[in-house]
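Protein chains in written order, with my numbering: chain A, 1 to 200; chain B, 1 to 260; chain C, 1 to 249.
Honestly, the hints are just simulated from the structure, not real lab data.
Worth double-checking, as some hints may not be accurate.
To be verified - Chain B regions said to be covered by chain A (calculated; three or more residues, Cβ under 8 angstroms): (1) 13-27; (2) 62-72; (3) 131-142.
Predicted model only: the values in this text are computed from it and were never measured.
C-beta atoms are modelled at their ideal positions from N, C-alpha and C, and glycine is treated no differently.
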Amino acid sequence: MHTPFIQQQTLLVLNSGSENPTPSGAVRAVNDTYSAAVVPNTASGVPEQLMVRETFSSVPVVWQSQIVREYRELGSALQELTELGQNEDWKVDAPVLGSALNVAANLMANRYPAPQVFTHGPQSVVFNWSSGSNELYLTISADKVSALITTPQCIAHRVDFLAHEFQESGMFLSSLRSADSNLQVRLLTGTVSDPLEPVF
Amino acid sequence: MRRNHMGLWKALMGRVTLFPTVAPASALELYRRVWAIEPDSYQKPPSPLMQGTAQGKREGMMATCTTNPARVDFTFTPMREEEAPDLNVVLIEDLPQLQTEMLRTIESVGTGIFADSVLRVAVSMQVVKQQSGFADANRTLVELLPEQFRMRLTDEQDFIFQVNQPSVSRKTPAVTMNFITKWSVDRIQVLAFAIPLSPSPISVQQAVAAPQQQFFAASVLFDNNNVPGGVLLASSEQSSLLLEGFEAIDNSIKVMHINS
Amino acid sequence: MRGRIADQDNLFRLSVFPASFQGARHFALSKFWNFHRLPSGSYVASVMWQRYAPTEVYLHRCGCRTAANRNEKVQSLARRNPTRHIYCGAYQFTANAIRRLKVDLPQVNFSDVYHSIEDGEIAHSEVRVDLDPGDINPEGTMTEILASLWRQSAGPLEHVCEGDEENRPHPKSKLLPAPRGPYIDSRSRLRRQLHVLRYQLLNCLWLNSDSQHPPAGPKHHSSASFMSTIKYRICKRLWQCYSPPPSQS
Numbered sequence: 001m002h003t004p005f006i007q008q009q010t011l012l013v014l015n016s017g018s019e020n021p022t023p024s025g026a027v028r029a030v031n032d033t034y035s036a037a038v039v040p041n042t043a044s045g046v047p048e049q050l051m052v053r054e055t056f057s058s059v060p061v062v063w064q065s066q067i068v069r070e071y072r073e074l075g076s077a078l079q080e081l082t083e084l085g086q087n088e089d090w091k092v093d094a095p096v097l098g099s100a101l102n103v104a105a106n107l108m109a110n111r112y113p114a115p116q117v118f119t120h121g122p123q124s125v126v127f128n129w130s131s132g133s134n135e136l137y138l139t140i141s142a143d144k145v146s147a148l149i150t151t152p153q154c155i156a157h158r159v160d161f162l163a164h165e166f167q168e169s170g171m172f173l174s175s176l177r178s179a180d181s182n183l184q185v186r187l188l189t190g191t192v193s194d195p196l197e198p199v200f
Numbered sequence: 001m002r003r004n005h006m007g008l009w010k011a012l013m014g015r016v017t018l019f020p021t022v023a024p025a026s027a028l029e030l031y032r033r034v035w036a037i038e039p040d041s042y043q044k045p046p047s048p049l050m051q052g053t054a055q056g057k058r059e060g061m062m063a064t065c066t067t068n069p070a071r072v073d074f075t076f077t078p079m080r081e082e083e084a085p086d087l088n089v090v091l092i093e094d095l096p097q098l099q100t101e102m103l104r105t106i107e108s109v110g111t112g113i114f115a116d117s118v119l120r121v122a123v124s125m126q127v128v129k130q131q132s133g134f135a136d137a138n139r140t141l142v143e144l145l146p147e148q149f150r151m152r153l154t155d156e157q158d159f160i161f162q163v164n165q166p167s168v169s170r171k172t173p174a175v176t177m178n179f180i181t182k183w184s185v186d187r188i189q190v191l192a193f194a195i196p197l198s199p200s201p202i203s204v205q206q207a208v209a210a211p212q213q214q215f216f217a218a219s220v221l222f223d224n225n226n227v228p229g230g231v232l233l234a235s236s237e238q239s240s241l242l243l244e245g246f247e248a249i250d251n252s253i254k255v256m257h258i259n260s
Numbered sequence: 001m002r003g004r005i006a007d008q009d010n011l012f013r014l015s016v017f018p019a020s021f022q023g024a025r026h027f028a029l030s031k032f033w034n035f036h037r038l039p040s041g042s043y044v045a046s047v048m049w050q051r052y053a054p055t056e057v058y059l060h061r062c063g064c065r066t067a068a069n070r071n072e073k074v075q076s077l078a079r080r081n082p083t084r085h086i087y088c089g090a091y092q093f094t095a096n097a098i099r100r101l102k103v104d105l106p107q108v109n110f111s112d113v114y115h116s117i118e119d120g121e122i123a124h125s126e127v128r129v130d131l132d133p134g135d136i137n138p139e140g141t142m143t144e145i146l147a148s149l150w151r152q153s154a155g156p157l158e159h160v161c162e163g164d165e166e167n168r169p170h171p172k173s174k175l176l177p178a179p180r181g182p183y184i185d186s187r188s189r190l191r192r193q194l195h196v197l198r199y200q201l202l203n204c205l206w207l208n209s210d211s212q213h214p215p216a217g218p219k220h221h222s223s224a225s226f227m228s229t230i231k232y233r234i235c236k237r238l239w240q241c242y243s244p245p246p247s248q249s
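I would like the entire structure built from these sequences, with the hints used as guidance.
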């Protein structure tokens, strides 16, 4: 079967460090500044020091605050699926939620845009990204993840792995690349510079 | 008595991190289990993908447990003394105390709090030395750099140099460890806000008008962690790898003090 | 086989959701499918057969009834704050798209769609899929199936049921255009009217027989039993019209 050739570039910076890339400990880039604010404690009246981390990244790919906002909403949407009534068609089992949150947290840490979500049964949720007419699906069950890429013509590529293997984001990306189809997927968008974002 | 902060390496942060494969218990519960005491404050996550935080004072430092579905951090940061009215930057003065607390945390991890659901562990520490400006900070850092990396700097600003020297773990041969060191010049600003007792946000004008002081610091950050290998780590392996990372940081700091 | 859904016949997947979904930006409403796993291991899902929902009007009536029935059921089971369901519209694909699954996807052992009247809804049909028992990740395979069906879908045919107008914005605005574009009814006007007449006749006869002889047990009827019942009723009526009166002794 002929597999189409898709010309897109993968963008991901693999980080060997344990630095927390979420906004309360945002990715350090070119110019890190720390500010310590002396704030009176409203309860005791005694000043307490807060570390205010200001971050400025000269080459970010997406707005950090936008990513956080999207994933906050995604987290609420996932939780809603487990909180539906027992008789609801779209209810999802609790172990699936744990696995989906773990995958989503890894995606957020690697600055992937937040996906759309749907289900087809209680034992999994599906994360979905569309790029033009191509689709990327991640089916997350309690212990497994399945990555699927489709084009308008066919199902181009599918890889299955264990849920905990997803944390190795390099593996995830390499699993999307197929030596046969020479397929690469662009998962980050935009080239907007962040303004200074004080984080209390 | 005003302390002379110049010329001594102090800690800005010490952290033990675990990367679980399933969403962990709440920050409140983990704080209790690791440090065997109730935190002073707890903020539950506003959404399942956001961070939960439990925080309390511990041995003169601020101890914080933060959780999100893919990582848990136990962090020690400086705590300001109640009677200090000035705008000096506050650091963790007692480095041995910080190290003792980090070791205690690592020991607690080894008791099986995370069972076998952890893929990766990390231990991190940042030490800083106050300087008068960029040139001084650059000079201090260049003297610390290993011989093979030494470069010529004068008054260049915002210097950062990071290197990872991975190697196979001595205690768990199937695991490769990252040993990351980052040398950088940091600018630290201390701001004093007058916050009314009724809750209200701080305006930009207030932030700009607040009294502030800026400090320069030569900073060295250590971040030692294992490369995830697709295999889950048993509790004993978690604490063993954390200890190995911690010992490497301890050795590096001893060398820094000798050379300073 | 009589009553078999022809390969080129149109099927419609209804989009019915809890009202709370309309506020969530991250739900891909167009792609939700509800597959039940039977004890036998088969996966089944519901669709509507155009033969017994001959135009959009009839199709949307099915959709509104489905949402109303679900709301009734949920209300009777939930103690408080029952979730309200809203019908948003439907997506079209052909029976062939289902049957092709067993050819295109190696993990699918069997795939077909049958006419199966359920809870009085005569357009109701059942999609059935059997996966290879050795499939290491059936959930991933189900996504592959849905992705395949989505690629072959047209629509959406949007609709707002009576009583749902106050939902602003209505969740139908979140339905995405299907990959094959809008659904176009290629039947001629005459053909469409004939199909409507056929449906009305059969529906009338079916409802008549159903009310006089309510079926025992589960309310499922295969296409074959439906047609048999209709033929029996027609023959009985004809016999009643033309048979001689019984002679008196």
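Comparing the hints with the structure gives:
{"no.": "1", "hint": "13-27", "verdict": "holds (count 7)"}
{"no.": "2", "hint": "62-72", "verdict": "holds (count 5)"}
{"no.": "3", "hint": "131-142", "verdict": "violated (count 0)"}
When held up to the earlier numbered hints, the structure conflicts with hint 3 and nothing else.
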